[in-house]
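Peer 1: Spelled out, the chains give:
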Amino acid sequence: QKEVEQNSGPLSVPEGAIASLNCTYSDRVSQSFFWYRQYSGKSPELIMSIYSNGDKEDGRFTAQLNKASQYVSLLIRDSQPSDSATYLCAVVSGAGSYQLTFGKGTKLSVIP
Amino acid sequence: DTAVSQTPKYLVTQMGNDKSIKCEQNLGHDTMYWYKQDSKKFLKIMFSYNNKELIINETVPNRFSPKSPDKAHLNLHINSLELGDSAVYFCASSPRLAATGELFFGEGSRLTVL
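First to last, the protein sequences are chains L and U.
Residue 1 is where the first sequence starts when you use the working numbering, and the numbers rise one by one after that.
Residue 113 is where the second sequence starts when you use the working numbering, and the numbers rise one by one after that.
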């Protein structure tokens, strides 16, 4: 069974610090990787996607992928209280798979 | 205009009843989904439709029956509701089947079974 693992947290960081969120996945042939943000009582929204090894930056967010280690991370620089949410890692497995598997999410709290 | 809209947003009902949740997307997407998020916030796929064709049918009780009258609509009917069905049900869409990771979610329908 394909699994996506995340530390459930909560992860608390002070405002202005770097928040580091980690995710591992079990299916070695996974090809596509995503980070979703879910505010309390709201629906998930896609914030980052990454498909190849290395880093991908978008504003204050950087996604990192290491397929050899089956590891995906999300860095949030200059964390703001508005970043406080649950961050869901999601993975689509190998070619021909149409199923997105979510991790259980990491709750992030940014302390002013 | 809301891109993916679900109705109703809240349902409170008794065990054994039947209920339906409707979903509509105005994004022109080909693929729609139903996800269930339980009390521990675990988000799990239930069904996926591509151009009205069922693509993914996860191991859910057959009391749950999806229906897609056209590619902009995907409804969920639940028969004989049980306590364990209490959850938030999210409808989602993606531009095409190959973009299955790029989901646009509706606001969710919170179902409470008493």
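It is worth saying that the hints were derived from the structure and are not from the lab.
A portion of the hints provided could be inaccurate.
Once the Cα atoms are required to be at most 30 Å apart in a straight line, the calculated BS3-like pairs of lysine-lysine come out as [claimed, not checked]: (1) L:K42 / U:K179; (2) L:K42 / U:K148; (3) L:K67 / U:K134; (4) U:K152 / L:K67; (5) L:K42 / U:K134; (6) L:K104 / U:K148.
Peer 1: Each hint should be assessed against the structure and marked as holding or not.
Peer 2: To see whether the hints hold, each was checked on the structure:
no.	hint	in the structure
1	L:K42 / U:K179	holds (25 Å)
2	L:K42 / U:K148	holds (14 Å)
3	L:K67 / U:K134	violated (39 Å)
4	U:K152 / L:K67	holds (28 Å)
5	L:K42 / U:K134	holds (18 Å)
6	L:K104 / U:K148	holds (12 Å)
In this structure, the one hint that does not hold is number 3.
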